[in-house]
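A.B. asks: Line order of the protein sequences matches chains A, B, C and D.
Residue numbers are given in the working numbering: position 84 of the first sequence equals residue 84, and the series is strictly consecutive.
Residue numbers are given in the working numbering: position 140 of the second sequence equals residue 140, and the series is strictly consecutive.
Residue numbers are given in the working numbering: position 144 of the third sequence equals residue 144, and the series is strictly consecutive.
Residue numbers are given in the working numbering: position 111 of the fourth sequence equals residue 111, and the series is strictly consecutive.
Zero decoy hints are in this set.
Within a straight-line C-alpha distance of at most 20 Å, the following computed EDC-like cross-link-like pairs (lysine to aspartate or glutamate) qualify:
#: 1; chain 1: D; residue 1: Lys-16; chain 2: C; residue 2: Asp-51
#: 2; chain 1: D; residue 1: Lys-157; chain 2: C; residue 2: Asp-51
#: 3; chain 1: C; residue 1: Lys-16; chain 2: D; residue 2: Glu-53
#: 4; chain 1: C; residue 1: Lys-16; chain 2: D; residue 2: Asp-51
#: 5; chain 1: B; residue 1: Lys-22; chain 2: A; residue 2: Asp-51
#: 6; chain 1: B; residue 1: Lys-16; chain 2: A; residue 2: Glu-53
#: 7; chain 1: D; residue 1: Lys-16; chain 2: D; residue 2: Glu-43
Using C-beta positions, here's what the derived DEER-type ranges look like:
#: 8; chain 1: D; residue 1: Asp-38; chain 2: B; residue 2: Tyr-99; range: 49 to 57 Å
#: 9; chain 1: B; residue 1: Gly-106; chain 2: A; residue 2: Asp-51; range: 32 to 40 Å
#: 10; chain 1: D; residue 1: Ala-54; chain 2: A; residue 2: Lys-16; range: 48 to 56 Å
#: 11; chain 1: A; residue 1: Lys-184; chain 2: B; residue 2: Glu-152; range: 40 to 48 Å
#: 12; chain 1: B; residue 1: Ala-181; chain 2: A; residue 2: Ser-46; range: 38 to 46 Å
A few chain B residues that don't get close to chain A, going by computed Cβ distances all over 10 Å:
#: 13; residue: Leu-40
#: 14; residue: Gly-106
#: 15; residue: Val-165
Please keep in mind that the hints were generated in silico from the structure rather than gathered at the bench.
Where a beta carbon is used, it is the ideal one built from N, C-alpha and C, also for glycine.
Protein chains: 4
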Amino acid sequence: MASPYKIAIVVGSLRKEAFSLKIGKALQKLAPDALKLDLLTLESLSFFNQDLEANPPADWLKLRDTLKASDGAIFVTPEYNRSIPGVLKNAIDIASRPYGQSSLNGLAIGIIGNSPGAQGGVSAVKHLQTILPGISGPILQQPEMYLGMIGEAFDDKGELTKDSVKQFLLKYLDAYATWVALHKG
Amino acid sequence: MASPYKIAIVVGSLRKEAFSLKIGKALQKLAPDALKLDLLTLESLSFFNQDLEANPPADWLKLRDTLKASDGAIFVTPEYNRSIPGVLKNAIDIASRPYGQSSLNGLAIGIIGNSPGAQGGVSAVKHLQTILPGISGPILQQPEMYLGMIGEAFDDKGELTKDSVKQFLLKYLDAYATWVALHKG
Amino acid sequence: MASPYKIAIVVGSLRKEAFSLKIGKALQKLAPDALKLDLLTLESLSFFNQDLEANPPADWLKLRDTLKASDGAIFVTPEYNRSIPGVLKNAIDIASRPYGQSSLNGLAIGIIGNSPGAQGGVSAVKHLQTILPGISGPILQQPEMYLGMIGEAFDDKGELTKDSVKQFLLKYLDAYATWVALHKG
Amino acid sequence: MASPYKIAIVVGSLRKEAFSLKIGKALQKLAPDALKLDLLTLESLSFFNQDLEANPPADWLKLRDTLKASDGAIFVTPEYNRSIPGVLKNAIDIASRPYGQSSLNGLAIGIIGNSPGAQGGVSAVKHLQTILPGISGPILQQPEMYLGMIGEAFDDKGELTKDSVKQFLLKYLDAYATWVALHKG
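Turn these sequences into a full structure, and let the hints steer you where they fit.
C.D. replies: The structure is reproduced here in structure tokens:
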């Protein structure tokens, strides 16, 4: 049997109880055998500063190495002020450098927006769809994933209990697995 | 004579020789008496994390207090990966909180994009125009400011030497001063 | 008593029973005395084509004249494919010309998104916020208007019956009237 | 030898001497044998109106049939007011319907922006990247195509004479041919 594809789940929020983190963990549980999903959280990352590029901090190198060793990345993100969190944009800025050598190039990309409210993080997803094309591998487009009212989907222990969301994630993982196989196969 | 309006120049890049910083300094030199421009750089800011909101770090409070004590803010920003730098988005995320109490509300807002290449940071400006409306005072719309080929505008000492850019900045400051007076007058 | 401000309600959809049209009519009923709201529907408009600019069709001139004779314009729009309808973008393209002489310049601008689903047309509003700044007067930013589940707001006769939506529209009209007075005063 | 892939070049402007049309014709001349490029211009299209959906006009059906019979579509578009022309958005609205049956689904998508000025239509391309994902097949992301100063690229007879643009188009066609082959097998 072939090795599973190595996929980084990039979690867009630093909050310990972040819904994006819970979705990431739910994805891990639901993933098919063909995918090995690893959580990539951003709490140890420093700010991008071009002055440091000649001698980049260890945390930048670690992020880049993790992505380069992956077959794909799924961004799971909340929406802050009609865009992605600064924390996530900073990680993307670091990953994208040095110029022309983005660590996201070649990776099969997934995007899952979520919000406690009704819009499901659509404005964060839309910004990602304009940010990534020049610095990443191909973005899976469908099914579109805007998980609204996400607070209702998990129980007190952080377990995904809402069946409709579970079905969305399964359907997404299925499409994503096909996408990875097409581009990395 | 009336006191000048207090305006924060928010510099979107951490680089010491950032063009955005040089533009900020040029704006200071060119500003009319009605405007007092202070540079607001972001190097001492930490990452936004909702877990810290109950007891926010001193650097968050300082940013918020500086903005609240201002009549306006002009964002001078490069474009990173077709959007604003993560560093700047993070500052905006911090400024926007707590929910409903954004420190940018009520301020007269200006936006100046720039880039070493031809596009002048237009994609960064466009993202800001969708990020700010719900959390800031009114954004000056014209003249549009996309300063391309910005590397040619400054000499070795960081002085603005390109006359066309100087004229753009003067025209912008004139429109911005009118904008501030209209909204804060 | 002063004459009321003359405001064009630009309706983004051609459908006879369009929710955007119903919202426009509801705004007319709810408007304060300071505002005179006229519906501007787009069914008689032709496509923009630069070859016709030297000798523009009568429908273009009528649109431009109507806008120029107005103090403001409120765009009420559905979302088609994560943006504004082509019909509305075409009207804006016509209004924006000739270059540098946009009929929307100087007008106080409002934007109200709506959708039968949960997102309230937010992606249409976000695109408008990037389309208009260079060719229109100042855009009112708050309150943000994303009217979701709009189908539940009207009865069979097209009357606005949902009280929360009525309250949103009243609050919006109040802010808009202040905005017009500030800029056209 | 296998039949070439059938690709529609969707031209975003109605102008007879449109640069987008000239780029389309240049693409036809430069295309490899694996691609058969047909120009799809929009001058005979009517406006989308949901009231007509039960009995759609012939021009809508023709557009949809043409796209459905294609393996891919390359959008070549100018930028009007920081977005795509209304003419092009209207065509996309028509192609996207009926709901869930978009004629663009399954097609390998390319996007080429252009402008007489320096920005190369980047804001039009960025809007397309947020409009299409839910209603089209996979969008080729790299190389990014923002053809600025496009007026200098063609001679009086509309022939592409600027070698750097020719090289960009050749490189793009090469990447696009690989993209089509990957997705249409």
